[in-house]
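Using the sequences provided together with the hints, build the complete structure.
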Amino acid sequence: MKNIYKAIIKKTTLYSLLIAAATGVTSGVRAQETPKEEDFYKILKVSSPEGTLLEVGGLTVLPNGNLGVSTRRGEVYIVENPTSRKPYFRKFATGLHEILGLVWKDGAFYCAQRGELTKLEDTNMDGKADVYETVFAWPLSGHYHEYSFGPKLAPDGSFFVSGNVAFGNQEWWRGESRVPWRGWMMHIFPDGHMEPYATGFRSPCGLGMINGELFYTDNQGDWFGSGGVWQVKQGDFIGHPAGLRWTNQPNSPVKLTAEKFYSFVDEGRPKDANGNYTKPENSTTAPFVTLMDVKKNIPELRLPAVVLPHGIQGISNSEIVQIPEGSFGPFAGQLLVGDQGQSKIMRVVMEKVKGEYQGVSFDLRNGFQSGVLRMAWSKDGSTLFVGETNRGWGSAGEANEGLQRLVWNEKMPFEMKTIKAMPDGFEIEFTLPVNKKSAEDLASYSVESFTYKYHSVYGSPMVNIAKCPVKGVKVSEDGLKARIIVDSLRKDYVHNITLEGVREKDNSYSLVHPTGYYTIHNFPDGDKLPLSQASTFNSAKVQAAAAAEKAKATAKDAAKGTTAAAKTAAAPAVAKVPTYDEVKPLLAKYTCVACHTANKRQVGPAFVDVAKRKYTGEQILKLLANPKPQNWPDYATEMPPMPQVPRADGLKIAAWINSLK
Amino acid sequence: MLLRSKNHASRSLMGILCLCGVGMTVAHSAAAQTGKLPLQDLSAFREPGQSWSITSDASAKLDNPHVLDAVAGTGVLFNMPDKKRPGKDLFSSAEFGDADIELDYMMAPGSNSGIYLQGRYEIQLLDSWGTKAPKAGDNGGIYERWDDSRPNGLQGYDGHAPRVNASKAPGTWQHIKISFIAPRFDAAGKKIANARMLLVELNGVTIQENVELMGPTRGAIGGGDEKATGPLRLQGDHGAVAFRNIVINKPDVSRPSNERDRGVDPILVDAPVNTLLRSFMDVKDNYRIVHAISVGSPEKVHYTYDLDKGMIAQVWRGEFLDATPMWHERGNGCSRPRGAVQFLGKSYFTLGKLASPQAAWTTDTTGSGFRPKGYVLDDNDLPTFRYQVYGTSVSDVVRVVSEGRGIHRELSVAASVEGLYAKLAEGAAIENPSKDLYVIDGKSYYLQLEDAGGEKPVIRDGAGVKELIIPVRSKLSYSILF
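Residue numbers (this note's numbering), protein chains in the order written: chain A, 1 to 661; chain B, 1 to 482.
You may find that some hints are simply not true.
In silico DSBU-like links for lysine-lysine, alpha-carbon gap of 35 Å or less [stated by the list, open to error]:
#1 B/LYS373 to A/LYS91
#2 A/LYS279 to B/LYS284
#3 A/LYS128 to B/LYS309
#4 A/LYS584 to A/LYS417
#5 A/LYS279 to A/LYS652
#6 B/LYS353 to A/LYS119
#7 A/LYS296 to A/LYS352
The following label-pair restraints were derived from C-beta to C-beta distances [claimed, not checked]:
#8 B/THR384 to A/ALA399: 38 to 44 Å
#9 A/ALA399 to B/GLU410: 44 to 50 Å
#10 A/ALA108 to B/THR363: 32 to 38 Å
#11 A/GLY192 to B/LYS61: 44 to 50 Å
#12 A/GLU213 to B/ASP451: 53 to 59 Å
Hints are computed from structural coordinates only; laboratory data are not their basis.
For glycine and all other residues, C-beta sits at the position ideal for the given N, C-alpha and C.
As structure tokens, then:
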């Protein structure tokens with residue numbers, strides 16, 4: 001009896017799988033409406049007095065729980081009871097020159113202004129600073145882009161401050177270091193002396209001191225194909241050649257000279273017929289090098305620990321903070337990275353493999369009212385304060401500045417907790433147990449790897465894109481881990497690991513964020529997973545087979561003249577308007593999503609607004625290659641040219657845009 | 001219009017009619033001199049009164065009101081009324097309609113004068129040094145109109161106060177630019193458009209802009225009438241005043257306005273209380289001070305301190321700062337003063353070590369150990385700047401002088417340094433009219449030495465400038481009155 005039941009169950013399961021496969025659903029049960037980010041993380045306002053302009057450049061929490069806020073207009077506020085319904089703002093200091101960082105140490109604030117690291121102290125205890133002491137002043141040329149970020153406090157009480165490069169007057173696209181130490185990381189000591197620490201920086205806006213080690217983020221620009229998270233050690237060269245100008249100074253720990261650099265790397269300064277420098281543009285045909293290619297000749301070149309793919313994981317990455325123990329549930333101890341353009345926060349998890357940091361980044365929460373520049377955790381770990389400004393560049397969101405806070409409602413989201421590298425693939429840890437069927441189906445996973453060019457052109461498209469076949473998967477007993485065997489993984493490449501098909505066990509929810517971007521630098525030692533121990537079931541293959549069968553049958557019917565059957569044939573012959581699902585991967589691949597959404601104005605106009613212009617497909621292709629910012633005078637940031645979008649994909653995107661109302 | 005006349009007499013009549021503007025709606029200063037008025041003698045003026053003369057320079061003593069002292073020579077139009085030479089207004093022989101007028105003038109302490117466009121519309125000149133809230137009767141105001149028939153106390157009306165008090169101290173040369181549009185008349189002689197003060201700029205500050213003049217101001221010639229042209233009239237019966245570099249031109253129709261600021265809401269920083277603001281600061285010759293801090297006061301006297309040099313770079317009177325360049329959109333890090341600026345010299349170290357009193361002034365920090373240390377605020381939020389140089393600590397205290405007449409500075413050096421000098425001022429000329437009083441840069445401002453620490457200041461030649469330097473032992477204090 002038992003065996004009959006078993007057989008029946010086995011058969012029904014198989015049939016339901018087939019039916020499910022044929023109808024395009026990879027799990028045996030239909031998914032309910034999956035909760036989104038906003039169902040777990042709430043963005044709240046920090047109430048401030050009317051008219052207080054909070055273009056936040058620095059944020060820190062004091063030992064007594066008060067919040068220190070510094071602004072572009074040179075003010076430092078102390079916010080008392082910052083998590084209450086009536087936070088109290090006290091103006092502590094004023095008149096500084098654009099503060100872009102704030103820390104508290106031994107009863108005083110330390111902040112980086114444009115021109116110096118300043119100590120602010122209230123010695124007469126009237127609630128306002130009376131000592132504005134110059135800890136260290138650095139040279140400036142007065143170029144507007146010479147921002148100085150920081151400080152971050154090292155375990156020994158010293159400070160790190162980074163310097164943005166300036167740009168040329170005629171060659172406005174080219175970062176240059178006009179005075180020492182622009183494009184450098186400065187290590188400043190309490191006694192006021194400074195040791196140059198590392199160079200190769202371009203726009204080192206987000207510093208992070210994680211477990212006593214210095215990290216930073218930079219964003220796409222000349223010599224930076226994409227943004228990312230870098231560890232910074234003394235003597236490092238991060239990649240932008242501007243700062244190499246000062247490596248001949250006696251106290252420079254970087255010995256690489258600009259001459260030596262350009263002997264390995266093309267300077268990339270094209271000239272026109274009249275001998276004037278022109279802006280270098282991306283070529284889709286010319287040969288190129290990557291950071292890892294160049295590192296072979298320049299060992300001091302430090303690769304990003306975790307690449308944050310431009311347009312997808314931010315466009316202007318900012319501060320790095322660590323989630324404290326006991327906060328944000330499963331993500332305690334992981335890193336958060338802000339983004340100033342997409343007004344969102346990403347979650348980065350690093351691991352050390354063979355002595356080098358690498359790791360993965362996921363989306364966490366978008367929807368902040370302005371560009372996320374600074375973050376600080378409340379003393380009790382319940383709230384993340386988020387300081388925002390787009391500083392005159394466009395950003396997603398409805399405002400140019402803001403001070404908000406992010407709280408978790410303690411409900412467990414179904415997410416990838418982390419992804420770890422394996423000798424032969426990856427191991428994904430989940431926050432909730434998975435539905436085994438969905439997790440043991442290879443069709444639920446897709447892995448693709450890519451990298452970026454290393455050149456003088458502003459940014460880089462994704463290059464060398466290749467699929468990484470997922471060969472097998474083994475799900476742990478408790479359903480919390482899935483180990484995938486993946487082929488064609490590449491060192492130093494970014495791997496897009498997407499789990500569209502994995503479902504949560506109890507409610508069949510999809511993952512709130514189904515994609516992680518893992519940058520591999522080293523493969524860990526250890527045992528490979530034998531294929532025999534893994535599931536190799538692939539519902540897509542089953543579905544394809546079934547569809548093929550169906551196509552054969554309908555073809556026969558069509559030959560017999562059954563129009564109804566012909567109508568249900570697999571692929572329609574007439575080209576129809578692409579659906580959002582069809583263009584969604586293209587929009588991500590070509591980073592349209594960095595600046596555009598369908599309906600809401602972001603850094604760039606909403607696609608519905610583009611549709612209103614009634615451009616033909618051909619016109620859109622032309623504009624993609626050569627955007628005309630004069631058509632959109634209301635937008636602060638010019639669209640960079642996208643000549644790398646191939647014709648067919650460009651027309652597809654254009655058709656979809658034009659279909660929007 | 002072609003004037004055909006074989007008759008010489010009628011031709012000259014036509015000429016006079018043209019001059020007077022009869023039958024024409026707009027009179028161009030056809031026969032009027034344009035360009036710089038020569039001041040070798042008084043020939044440009046009609047029947048000059050006895051108080052008027054030609055000199056090469058003028059000067060005043062701050063404690064000697066209503067008196068200007070002359071320096072013999074030419075180039076300056078000088079008015080010093082007294083019992084023997086009673087004051088009288090001065091009229092140009094030529095007449096003008098629309099006109100751009102630019103000139104320098106110097107007031108004696110407590111003095112009163114005026115510039116009348118067409119002899120009818122007066123821009124008041126007054127010693128308004130230190131006045132916080134200027135009225136129509138203050139320096140740069142459009143003087144009131146007068147109607148006897150109005151109720152008592154209200155007979156004066158329609159005067160237009162300057163936007164700010166951009167005045168300088170008496171005995172200094174002040175600079176004014178006036179752009180005037182004459183009234184317009186139809187063929188019948190009826191006025192169809194009012195006269196306008198298109199622009200009045202005093203010491204670099206716009207104090208009047210596009211003000212419509214409903215009628216002539218008090219004391220106009222012509223008994224209240226208005227005409228297409230009239231003489232330039234300088235008031236001489238109210239006090240001692242001197243003029244020079246008088247330039248009169250037809251208005252430039254292609255006037256470049258502040259195009260770059262069009263459509264942008266200005267972001268202004270006022271100083272109702274003592275206010276500090278760091279920014280980049282562009283000064284003369286496009287030099288950008290990168291570590292600059294400006295200090296503003298409710299007394300309307302402000303200064304910019306260059307932290308890289310320990311130097312007061314400029315002082316000004318008026319409102320505090322325009323921060324639009326640094327805070328609008330991406331910004332460029334700079335702010336601008338909103339007042340009459342007295343530039344104090346191009347970027348030099350206030351303290352320098354000299355091998356000898358003739359040695360060239362220090363130009364860089366090599367060997368000096370110069371380290372800025374920031375500042376400390378007192379209970380009124382007033383800063384004391386601190387820095388280290390030549391192995392010693394320096395504190396630099398700048399405060400506004402009473403009645404907003406200028407700033408007072410006190411430098412203290414902790415340990416004496418051999419060969420340490422302070423450079424107090426530089427300029428095209430440095431005069432020393434009385435003990436401890438210096439007049440800098442061709443009578444641009446005064447420097448009053450207070451505590452010289454027992455040392456003697458020296459006027460000497462620098463690199464293309466005159467320099468005032470003094471040895472410094474431990475203390476030095478002086479005032480800049482401007």
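Results for each hint:
Annotation: proposed proximity of B/LYS373 to A/LYS91 holds, straight-line Cα distance about 23 Å (limit 35 Å). Between A/LYS279 and B/LYS284 the CA atoms are separated by roughly 33 Å; this keeps the pair inside 35 Å, and the hint holds. Restraint check for A/LYS128 and B/LYS309: satisfied, since their Cα atoms lie roughly 27 Å apart, inside the 35 Å limit. As the CA atoms of A/LYS584 and A/LYS417 are separated by approximately 25 Å, the hinted pair is consistent with the 35 Å bound.
Proposed proximity of A/LYS279 and A/LYS652 is supported: the alpha carbons are some 29 Å apart, at most 35 Å. Taking the CA atoms of B/LYS353 and A/LYS119, the gap is near 30 Å; set against the 35 Å cutoff, the hint holds. Pair hint A/LYS296 plus A/LYS352 holds up; C-alpha atoms about 21 Å apart against a cutoff of 35 Å. One distance hint, 38 to 44 Å for the beta-carbon pair B/THR384 and A/ALA399, holds here, with the actual separation near 39 Å.
Taking 44 to 50 Å as the suggested C-beta distance range, the pair A/ALA399 and B/GLU410 conforms, at roughly 46 Å. Restraint check, A/ALA108 to B/THR363: a C-beta distance of roughly 35 Å satisfies the suggested window 32 to 38 Å. One distance hint, 44 to 50 Å for the beta-carbon pair A/GLY192 and B/LYS61, holds here, with the actual separation near 48 Å. A/GLU213 and B/ASP451 have their C-beta atoms about 55 Å apart, which keeps the hinted 53 to 59 Å range intact.
When each numbered hint is compared with the structure, no violation occurs for any of them.
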